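Take a look at the letters that make up each chain.
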Amino acid sequence: MITVESVTKTYAGFTAVDDVSFTASAGRVTGFLGPNGAGKSTTLRIVTGLTPPTRGDAHVAGRRFADLPNPGLEVGVLLDASAQHAGRTGREVLRLSQQMMGLPRSRVDQMLDLVSLTPTEAGRRVRDYSLGMRQRLGIAHALLGDPGVLILDEPANGLDPAGIRWMRDLLRGYADRGATVLLSSHLLHEIEVVADDIVVIGNGRIVAHGTKAELLASAGTHLRTRRPSDLRAALDLAGLTSSITSPGVVRVDADPELVGRVAADARIALIELRPAETAGLEEMFLELTADTQREGAAA
Amino acid sequence: MTTQTLRAGPPASPQQESAPPAHIARIPLRRIIAVELRKSFDTRAGLWLLASVGLASVLTSGAVIAWAPDDDFTYSTFTTTIAFPMSVILPIIAALAVTAEWTQRSGLTTFTVVPHRGRIMLGKALALVAVAVPATVAAFVVGAGGNVVGAWVSGNETVWDQSLAAVPYVGLSLALSLAMGLVCGTVIRNSAGAIVAFFVFSFVIPPLLGLLAMTQDWFHDVQPWVDLDHQLAALLQGSFDPEQWTQLAAASGLWLVLPLAIGMWTLVRSEVK
Chain A
0 MITVESVTKT YAGFTAVDDV SFTASAGRVT GFLGPNGAGK STTLRIVTGL TPPTRGDAHV
60 AGRRFADLPN PGLEVGVLLD ASAQHAGRTG REVLRLSQQM MGLPRSRVDQ MLDLVSLTPT
120 EAGRRVRDYS LGMRQRLGIA HALLGDPGVL ILDEPANGLD PAGIRWMRDL LRGYADRGAT
180 VLLSSHLLHE IEVVADDIVV IGNGRIVAHG TKAELLASAG THLRTRRPSD LRAALDLAGL
240 TSSITSPGVV RVDADPELVG RVAADARIAL IELRPAETAG LEEMFLELTA DTQREGAAA
Chain B
0 MTTQTLRAGP PASPQQESAP PAHIARIPLR RIIAVELRKS FDTRAGLWLL ASVGLASVLT
60 SGAVIAWAPD DDFTYSTFTT TIAFPMSVIL PIIAALAVTA EWTQRSGLTT FTVVPHRGRI
120 MLGKALALVA VAVPATVAAF VVGAGGNVVG AWVSGNETVW DQSLAAVPYV GLSLALSLAM
180 GLVCGTVIRN SAGAIVAFFV FSFVIPPLLG LLAMTQDWFH DVQPWVDLDH QLAALLQGSF
240 DPEQWTQLAA ASGLWLVLPL AIGMWTLVRS EVK
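So the protein lines, in turn, are chains A and B. Residue 98 in numbering that gives the first Met the number 0 sits at position 99 of the first sequence, with consecutive numbering throughout. Residue 56 in numbering that gives the first Met the number 0 sits at position 57 of the second sequence, with consecutive numbering throughout.
Hints in this document: simulated from the structure, not taken from any laboratory. Predicted, not measured: the structure shown is a model, and the values here were computed from it. One or more hints might be untrue.
Unchecked claim - Among chain A residues calculated to face chain B with C-beta under 10 angstroms, some are:
#1 Thr47
#2 Asp79
#3 Ala82
#4 Gly86
#5 Met99
#6 Arg266
#7 Ala268
#8 Leu269
The C-beta atom is built at its ideal place from N, Cα and C for all residues, glycine as well.
Model the full assembly from the supplied sequences, consistent with the hints where possible.
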């Protein structure tokens with residue numbers, strides 16, 4: 000479990016993270032979604048004790064990160080796969096942490112095997128690694144101590160499609176076995192596919208927080224009809240907000256069942272009625288991050 | 000869009016959560032020392048610097064034999080000459096041990112595996128100052144070899160003008176040089192900058208202080224108290240009297256303790272990116 004409570008970080012007048020609070024629960028994959036520069040990495044650095052927060056507190060596995068006796072055994076961290084000494088071999092990177100965490104030496108080969116880095120690749124220096132190989136090495140490093148909490152910043156970056164699929168299954172498996180998985184991404188699809196809970200951050204503020212089902216439901220309903228203005232009048236009467244997105248197409252902030260009933264009661268034929276699911280999260284993400292003021296108005 | 004409202008923070012205070020597993024022990028300092036020592040020599044740069052220490056000590060011995068007058072072929076000539084390149088290269092290794100965490104960004108890993116920068120820095124300091132021990136042994140062993148070869152080349156008797164008493168002096172001189180490298184790394188936290196700072200300390204400031212001591216009478220008496228490089232060179236000659244020890248302590252306080260305190264103060268508060 001990861002808890003972030005009212006964390007704020009300001010740099011000389013610029014607020015990078017503004018009163019951020021959220022929880023990542025055990026047994027669930029929590030997606031931390033936001034465009035570049037939204038404050039994702041700063042928040043994760045605060046959680047892992049690398050950046051001191053201006054205000055607020057973060058706890059991992061019930062403690063402040065710095066109070067964990069041997070953090071590697073409880074929290075696996077991958078913040079930046081490229082942040083490794085370029086002149087060290089991949090295997091050596093793992094050896095150092097394995098030694099520091101007091102793990103058996105065999106753990107290094109197990110992890111290399113798990114992330115499909117061959118012995119030859121592991122013997123090469125990180126300087127010569129592709130971004131995908133660095134990500135694999137970083138994931139191997141995060142999993143080294145078999146931790147119950149994983150914190151991964153943009154882990155899908157640089158992985159090929161097969162690698163992304165592999166990582167998704169890996170994280171899913173970890174969460175299913177009861178681990179807390181917090182991963183950040185600016186790739187909506189990646190989060191939508193793997194996450195159970197989603198935290199959306201924009202301009203340093205949390206703009207949405209909920210289960211994936213809730214956030215998708217909130218995307219509303221798309222429908223098509225020959226009589227859009229009549230339907231909108233009926234929806235208005237029912238107290239539902241709607242908008243015309245293109246000629247004949249109406250978007251309603253309500254679930255399809257309710258919208259369908261309103262249309263039936265008003266005896267307006269529909270050509271199409273569907274949840275705005277596929278584009279939902281993306282639309283919401285773009286809306287929310289483009290204009291964080293929505294947060295207050297939407298409530 | 001009700002789900003967009005911000006959910007309240009977690010209700011349970013973290014302290015109420017299950018107590019952390021009791022079987023997880025704190026990472027012991029000796030493990031930090033061992034890993035930090037390993038980290039100084041497991042990179043390409045570290046390996047080459049280490050190799051260059053060995054190479055430099057052999058080359059300087061050769062240079063003494065080749066160019067120094069035959070009468071100078073004494074044990075102390077060899078050991079002090081060998082100690083000189085060591086006192087330049089070893090501090091660079093020490094400085095890089097600190098700066099790599101920032102310049103190479105490996106600190107992201109280091110400080111999340113051990114989230115106490117003070118302990119990591121203590122581990123680095125103990126590991127690297129301890130490098131003075133094998134370096135000193137190497138200086139005396141290679142120096143002995145040079146002395147024997149020198150005598151053989153010149154046809155003179157071998158002159159063993161250094162006793163075991165000289166060993167701790169050379170060791171201390173190298174240890175303080177290493178400490179100076181660490182201090183440069185801690186204060187600057189950038190590989191190129193720290194190396195430049197160390198070179199300024201050992202090659203730019205000493206002649207300036209020497210010049211000042213020659214031209215200004217008042218400074219002549221002050222110099223031993225403030226010129227650490229001068230003291231490190233003096234240590235290689237051995238046999239300090241109590242006043243010299245006090246002067247060494249004063250100069251170390253000025254060049255090592257004070258900047259280290261400032262460097263550590265900013266280091267533990269800095270952001271690791």
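Hinted contact Ala82/A with chain B - closest CB pair below 10 angstroms: holds (4 angstroms)
Would the stated hint for Ala268/A survive a check requiring a Cβ distance to chain B of less than 10 angstroms? violated (28 angstroms)
Given a cut of 10 angstroms on the nearest C-beta pair, is the interface hint for Leu269/A held or broken against chain B? Where the cut-off is 10 angstroms and the nearest Cβ of chain B is about 23 angstroms from Leu269/A, the hint is violated.
Are Met99/A and chain B close enough, Cβ to Cβ, to be under 10 angstroms, as the hint says? Because about 5 angstroms separates Met99/A from the closest Cβ in chain B, which is inside the 10 angstroms limit, the hint holds.
Hint check, Asp79/A versus chain B [nearest Cβ-Cβ separation less than 10 angstroms]: It holds, given that the least Cβ distance between Asp79/A and chain B is near 6 angstroms, below 10 angstroms.
Status of the Arg266/A interface restraint (C-beta, 10 angstroms, chain B): Since the shortest Cβ distance to chain B is 28 angstroms, the answer is violated.
Would you check whether Gly86/A satisfies its interface hint, that is, whether its CB is within less than 10 angstroms of any CB in chain B? Holds: closest Cβ of chain B sits about 4 angstroms from Gly86/A, inside 10 angstroms.
Per the CB criterion, is Thr47/A less than 10 angstroms away from chain B? holds (5 angstroms)
Checked against the numbered hints above, the structure breaks hints 6, 7, 8 and satisfies the rest.
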